[in-house]
Amino acid sequence: MSRRLELEGLTRRFGSVTALAELSFSVESGRVVGFLGPNGAGKTTAMRAIFDLTDLDAGTVRWDGATVGHDQRRSFGYMPEERGLYPGMRVAEQIEYLGRLHGLDAPAAARAAAHWLERLGVAGRAEDKVESLSHGNQQRVQLAAAIVHDPELLVLDEPLAGLDPTGIDDVGRVLVEQARSGRGVLFSSHQLDQVEDLCEDVIIIDHGRLVAAGTVDELAAGGSRRLLVRVDGDRDGAWARELAGVHVSEAAAGALRLALDPNTDTQAVLHAAMAAGPVSEFSIQRRRLSEVFREAVSG
Amino acid sequence: MRLTDIRLIAAREVRARVRGRVFRAGTALILAGVTAAIVIPKLTKASASTARVGVAAGVPAAAREVVGAAAKRAGQPVLIVGESSPGAARSALRAGRLDLVVEPERLVVEKPISAGDTSTEATFVRDLAAALGTLRAYRQAGLSAVQASRLSKSRPFEIASLEAAHKNTIKTASIIGVILIFIMLTQYLTWTLMGVMEEKSSRVVEVLLSAVRPLQLLAGKVLGIGLVAMGQATVVVVFALGLAEAVGSTILNGAGPATIGSALLWLLLGYAFYSWVYAAAGSTIERQDQVQSLALPLSLPMILGYVMALVTAGSGTPSTFFEILAYLPPTAPFAMPILVGLGRVAPWQFAASVLISVAATVLVARVAAGVYRRAVLRTGGRVNWRELLRA
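If you're matching them up, the sequences are chains A and B in order. When you line the first sequence up against the numbering used here, it's residues 122 to 420, in that order. When you line the second sequence up against the numbering used here, it's residues 378 to 768, in that order.
Here chain B stands alone, though its shape is the one from the complex (with noise of 0.2 Å):
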């Protein structure tokens, strides 16, 4: 087998996948994604502006301490300003100088904070509050201003675990990574389906096969489209990083090589197992509307991972179902990217799905590499699916 003719139609699919609109619509579209999950959460935690709390005649000084631990805990930058009685302070807050007023006895706010609020500032507040009772207590208790100053300092226990901790931004990195396959996969595979439909249909099939073997012209095919998807998750992972770094995002922090890696790997894996499938598929059909009626079917076992996938990342505890599906070529590029986010996979048990993967793989190209030849010059009929498989 000639690998220049490979070469030849690999290099033909990148220009045609590259120059058309859908591509370059999508590759702005995923980008825009991955812009959004990048610099949304950093534009609201820098969107939380600065507290002017304003602390009246009168309280006492380790109250300012309190203020000050409790904006930290709430991640809540505060300015603390002294007034000089609580009227003054609250004329300053009734006049907008101010957001909070701490009196010898009480927190004093310009609206009502609902019990439902959660924003940083309720918290906030409700916690300050509550910081500023217990300093109160404390006093009444007959504690000294520097004993009752320690106490409001306290820390809590830290609570250890026998197992390692898993930060919650691998996590995330695996989500998003896990997310972007699946876009990609559905995209690529069905790109790979009706191309070679389209080939067929155009009978363009049959001047290629007068040139070269059928199996050059579908693995040159899988390998353009595979290349394609690549070189976009490529310049998708090298933005996100960059955009990350400039915003001084930490949303992939725990983004390591393994995770971005895994991803990727699991990328290719995914797509270099789905390709054949596809391609196989479209050589046996010649409509767009017959394009719908297979896409559906064969994308199951993608939905049942990647729903799977966002499932137990979401929960964090996987089940013994889902790893079972790590080790399925047809889930385990969602399943797989997930464990290793959740840090719940060993290397051994990592390289036996991918090894599981590959061989499957070079199984079911096999298949359809005979389905393919035996279908792509049937025109004018439903091809017979056992015929196909049998012959």
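Extracted from the complex, chain A is given alone in its bound form (with noise of 0.2 Å):
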């Protein structure tokens, strides 16, 4: 059976700054949430919300239905945006330590921690004090923390912030595996390319609002027409910036996105690109995920 969580109405001030806004949405289990929005947005307080980590002015979390209380929150998982781990403290005991706050029993917590430890590449760093891992391992250390008592949901804030494309992988692959498993996931990241890639639902919030919010490919296949068009030897596109009706998505790598206004013929366009110099790539795509986040955000 699917569960749920629900943020409702979620209203925050820190004085005359509003963190989050009448915010409200949800995450289904089995699927991976991204949580995106500029910085300040207000993403870390409402995950920290959802942990009762900040006083709420308006609003309620609820699991299933029900008001979250600290019981069902100890049954999930927290990665918070400042990494938080006792700096003199070995590595597999302060995982065990964690998971016993969580419920678990000491045989139990010491079985999922060298599990976890192992899952994520640092059991050779198990009995290493933390303060001694480079960055990436304290990240991969962190996720162990949040998942050794293994939660019904994830909450992680910044998970891929600061770890290299292997870490990415391996800390996508758990983050996959744990919804394919029945667990909510929810995480924020400024890495789209990779949100794209892994989630399945993405939330865009903007000063503490709720902007856009649907599946991937729903969020993708909305607003307007994308042609990636490539002419050979040109660097900065000023044909298509001429153009009626047509706007320079982005400009890399010698390729150019456009978004097109409704009206405008893709024809005119490809004679225009023709015009320009030779047409090595002209096709018609999705929004991607950047794209999408862009123009929620600016709108």
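No lab work stands behind these hints, which were simulated from the structure alone. A few of these clues could be false.
[To be verified] Over 12 Å on every C-beta distance to chain A, these chain B residues come out as not near it, computed from the model: (1) A388; (2) A438; (3) E480; (4) A492; (5) R516; (6) V584; (7) S587; (8) G597; (9) L600; (10) S626; (11) Q669; (12) S676; (13) W725; (14) A737; (15) V753.
[Claimed, not checked] Now the in silico label distances, taken between C-beta atoms and shown as ranges: (16) A:D249 - B:W725: 42 to 48 Å; (17) B:S696 - A:F135: 21 to 27 Å; (18) A:R134 - B:Y704: 22 to 28 Å; (19) A:D249 - B:T756: 33 to 39 Å; (20) B:R396 - A:S411: 46 to 52 Å.
Given the structure is predicted, the values throughout are model-derived calculations rather than measurements. Glycine included, every Cβ here is placed at the ideal spot set by N, Cα and C.
Work from the hints to combine the two standalone chains into their complex.
Here it is in structure tokens:
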């Protein structure tokens, strides 16, 4: 049976600053949900609200329709934005300790700690102090701390930040596995390409308000049509910027991603491109998540 | 509230603290101090070497008894050696075979004794000179040798008082107790302050509070450090009693169960009261330099109680102000053990002070838990105390 985390009408003000403004969204179990927004949008405050780590001026957090209480929160896993572990404590001991605080008995906590340290590639550092680990390995240990008690819901604030590509792949696989095994996974990130690869659902907030939400496919399919055009020898895409009904979305590696107004004729765009030089690539594309994000937060 | 969580948090604190070098070094220092307090006085007494006293021919026989009595009064072991003549006795003195010679009309020592010399040996020589002078006066007054001997053995009148006498050793044990309470409270409360600050600054508190309630986390930390404190205190007391027994020290003779129990109880009550205050204060800061600025004002009541306790122990006469301090929870851990040591407190007064301290601790803990809950997750700026206390 699918379970659901619901945030309803969350409002939080810090003096004159409104961090959350009647924010509502939900996270289904079995799905990886990307939580996006510019810096200061309210992502961290919303995640902390799930764990009662910030006072709310209004709103409720529910799990399976019931207001989330302390016992329920203990069954969730949390990775805060600012990483937090005891620097002088040994890695395995620390993970076991946190597992026990989440309700595991000692043997189960030891087994789970060993399993996750192995799974995340830091088993060889189990007896080392956390402070002796590299940033990337500390990040892996932090994820192990969030996941050691086999949580029903994982809430991870920037779990990919600071990881190398291998680390991103490892952590990404774990998140997807968790969702496939029926857990809910909500994570924030500014690495939109990774979010697009990993997530089924995306939530975008800005100034504490929800500005877009849906599956990656739904969000990608919406909005204006996209063209990818590569004109050999063209570096700045000046030809496209002069066309009516055409907006340059991205320009990178000699290719332009163009957003077209509803009435813009793609054939007219093709002719203009050919006039600028030899066209080696011309295709209609879905919106990328980065484009969805920019449009959502700029509107 | 799950007690298991508090136990887990306390156990982690105990492990972390006991493993630390600071704890081991601190315990070693305290044990070294206790060893010095017990052994050095014993060694000082034992080092009063036997004085060889030559009694020259012609000195009345009663003089030997006078020498023995003076030696006993001064705590100076002596060996009396008969010498055939004053000349022979002086030769032995020069040769170092004797330390002192009694001649019919004088005492002879090798080197002059200064007026300011208060050593056991000097005290003995002066006392002996006075006693021999008295013996000579008796004989000149025409008393027989037996009469003179009796008079020379006269004992002073006993001085009685309406109030019971208080042995100095009781006071000594209480003073040692108060010093240890101050050292331990300072050490463990600083741990509490820094421990809370470090959990906040390392942000691990956010991970912990996603699993346990703030009050559980705070109670576990206070309990864990408190267990380490009481464990260390117990080790120190057992060590001190064992060492005193082993070396035959009398310094703890007066330290009956009441004195030791009182010191341990007030260490516990003092820690219980202050630990919440220090924990709440630690939750408002994030940096090492802020610890220093908070530690001094927080410790002022302790310093007041400690200094007043030492002054009162020295004078032996508690003032009204000091007696009031014995009922105020911030200063009672220092004042009350001294009143117990001086025998100046009735059981009901002791119990009243304990009850006041327990009640105040409950109140302080409630306020502290609220401050901790509101402050420990606030980072990046100075926390407004008024806001924390009001909310």
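Which of the listed hints are broken here?
1, 6, 7, 8, 15, 16, 17, 18 and 19
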